[in-house]
Amino acid sequence: KNIPRHVTAGSNFLISFGTGIQPAGNPSDAFASFNGSDYALGASDFYVYSFSAPCSPGKYDLNLTIQDTLGATANLSHSITVHSFAVQASASPISVASGQVVNLSAVTNPSLPNASYSWTSVPNVSIQNANTSNATSLPSDTTAYTVIAQNGNCAVSDHVTVTVQACSNNPPVIVEVATALSFIVTPS
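Note that the working numbering has the sequence shown beginning at 1, numbered continuously upward.
There could be a bad hint or two in this list.
Now the in silico label distances, taken between C-beta atoms and shown as ranges [said to hold, decoys possible]:
| hint | residue 1 | residue 2 | range |
| --- | --- | --- | --- |
| 1 | SER16 | THR136 | 20 to 26 Å |
| 2 | ASN129 | PRO57 | 28 to 34 Å |
| 3 | PRO93 | PHE31 | 55 to 61 Å |
FYI, nobody ran anything at the bench for these hints, they're computed from the structure.
Virtual Cβ for every residue (Gly too), placed ideally from N, Cα, C.
Put together the whole structure using the sequences plus the hints.
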């Protein structure tokens, strides 16, 4: 048998059973119970089935029943631990001048190569590559960016705020200091 003991929330995983649990006759049907749902799997020579891990972390029981053409059954139970995942958002630089490029980055823990990403901002500013883990933006005001990472049907989010430094558009002021001069005037 090939059953994972640990999976990440939202991940798809395969289970496979060899002939070790096969009843006496030819397999005719297979049923499974996982995460409170029942599945009619059908029979297959290799007993390979796909499941999606739930979003809530915890320990779940997987029960499989294979029935053969003679009506005999074989059963297998297995516990699978589902682990949560997180996303961390970051920005570089974190403080910019208005219109300066900001690089946004999202990393999942554990690393999930099939995760999808979506960036948004308040106030709403243009975000290039907003549906990737690495995006860019040109904020003109202090902006809060939120990233949502999705794995299967499970999603988590994080945010990062980029501060836009105020700059003055006024030209520099030149100050002249007058010096008192004394003159002696003599009549001619």
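Each hint, compared with the structure:
no.	hint	result
1	SER16 x THR136: 20 to 26 Å	43 Å, violated
2	ASN129 x PRO57: 28 to 34 Å	30 Å, holds
3	PRO93 x PHE31: 55 to 61 Å	56 Å, holds
In this structure, the one hint that does not hold is number 1.
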